[in-house]
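A.B. asks: We have chain A; now place chain B onto it with these hints.
Protein chains: 2
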Amino acid sequence: MGNSNITWHQSAVTKTDRHQLNRHKSCVLWFTGLSGSGKSTLANAVDHALFELGFRSYVLDGDNIRHGLNSDLSFRPEDRKENIRRIGEVSKLFVDSGHIVSSAFISPFQGDRELVRQLFEPEEFIEIFVKCPIDVCEDRDPKGLYVKARKGEIPEFTGISSPYEIPDNPEIIIETNKLLIDQSVEAVIAYLREKKIL
Amino acid sequence: MGNSNITWHQSAVTKTDRHQLNRHKSCVLWFTGLSGSGKSTLANAVDHALFELGFRSYVLDGDNIRHGLNSDLSFRPEDRKENIRRIGEVSKLFVDSGHIVSSAFISPFQGDRELVRQLFEPEEFIEIFVKCPIDVCEDRDPKGLYVKARKGEIPEFTGISSPYEIPDNPEIIIETNKLLIDQSVEAVIAYLREKKIL
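Residue numbers (the numbering used here), protein chains in the order written: chain A, 56 to 253; chain B, 56 to 253.
Just chain A, with the same shape it has in the complex:
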């Protein structure tokens, strides 16, 4: 001990300090849209692109949230609200830690998304509406959920038996039935460069 010249700092490391270490700012990319619209695919593709460019990024989606932090929550309305609230709070921690965090969840209600937005500085919350006609989503049906929902096996399924509230004023709209994934990723990265986050 004693040879690494450690000195105690009473102050905590700030978000700005972390931005300087990472050489980019942090923000949340909040991907919202119907099941099958391509949110998680796009979020992971953006994350991979950011990683390859040397930026610090991370993805929150059903794969790492549903069976972990939110494993105690059902799909009932009050639990869906709590689901989004927790994801918003965890996204805030990641932004504070200096990451560009991509959160990919249906998040169908404007009010819930607005509550998450209010956790952040204005320029830190970037709402991305992953827009795709429901018949295309239903045709893709990657997890077979629309088939089950049409049979009435899944109650309150967004777009079928529960509403999806289209974002009022999203920062970015990506139409996944019109763009290739690479083009969609480029649109997001271009936005981050334009806003001087990268």
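None of these hints come from the bench; they were simulated from the model.
Please note: incorrect hints may appear among the correct ones.
All copies of an identical chain are treated as equivalent in the list; a pair is satisfied when it fits inside any one copy or across any two copies.
Below 30 Å or equal to it, Euclidean Cα-Cα: the simulated DSS-like pairs (lysine-lysine) are [stated by the list, open to error]:
# : residue 1 : residue 2
1 : Lys198    : Lys70
2 : Lys70     : Lys80
3 : Lys203    : Lys70
4 : Lys136    : Lys186
5 : Lys136    : Lys198
6 : Lys250    : Lys203
7 : Lys203    : Lys80
8 : Lys147    : Lys206
9 : Lys233    : Lys251
C.D. replies: Coordinates of chain B only, in the frame set by chain A:
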């Protein structure tokens, strides 16, 4: 668009990929001990040292958890258990994102800490017992909580009216009444180097 040569990767970025980008492994430093033992002070000092050395680190403590993610939880036993469960799950996300995350919470029960440990690979969970006699903690009483607890104003206060279960087999023990903070920080950093995490 089209000038940044982005190519879509179907695979998600892995934890190992992130280790390579950061040039260190990730883990959780789980600081447990009585109120006033110095957990949060030490966690922040370790975090600052790691930051200055260029490593990616972050702190989870009462300041950023209690009023955010866990603002819906009380201090009742079932809520204290849920408090620790959620912090464990968030720590896991940070470890997956490539961070050395320092979690500083009393976490008085061996069973709760064991559940958190089981979320991780064996070498990823580093339990640090922040050891300090209760009379020293009570003497420090930085938030005036012991005074209130002795008056009976705080029910189930750890060490007074609720037990603190000493860790069975912690990876590190730091005696904050015997070491200077710089020495404590060095001991933690030395452990991380010895285990090839740094």
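A.B. asks: Take the hints in turn and mark each one as holding or not.
C.D. replies: Hints and how they fare:
Proximity of Lys198 to Lys70 under the C-alpha cut-off of 30 Å is restricted to the inter-copy arrangement: shortest distance 25 Å between copies versus 38 Å within a copy. In this homomeric assembly, Lys70 and Lys80 come within 30 Å of each other (Cα to Cα) both inside a single copy, at 9 Å, and across copies, at 22 Å. With identical chains, the CA atoms of Lys203 and Lys70 are never at most 30 Å apart, being 44 Å at best within one copy and 34 Å at best between copies. Taking identical chains as interchangeable, the C-alpha atoms of Lys136 and Lys186 lie at most 30 Å apart only when both belong to the same chain, with a minimum of 22 Å there against 40 Å between chains.
Only within a single protomer do Lys136 and Lys198 lie at most 30 Å apart by alpha-carbon distance; the minimum there is 23 Å, versus 34 Å between protomers. With identical chains, the CA atoms of Lys250 and Lys203 are never at most 30 Å apart, being 42 Å at best within one copy and 49 Å at best between copies. Neither within a single protomer nor between protomers do Lys203 and Lys80 lie at most 30 Å apart by alpha-carbon distance, with minima of 42 Å and 42 Å respectively. Proximity of Lys147 and Lys206 under a CA criterion of 30 Å is satisfied in neither setting, with 38 Å inside one chain copy and 37 Å between copies.
In this assembly of identical chains, Lys233 and Lys251 lie within 30 Å of each other by CA distance solely inside one copy; the values are 27 Å within and 48 Å between copies.
Of the numbered hints listed earlier, those contradicted by the structure are 3, 6, 7, 8.
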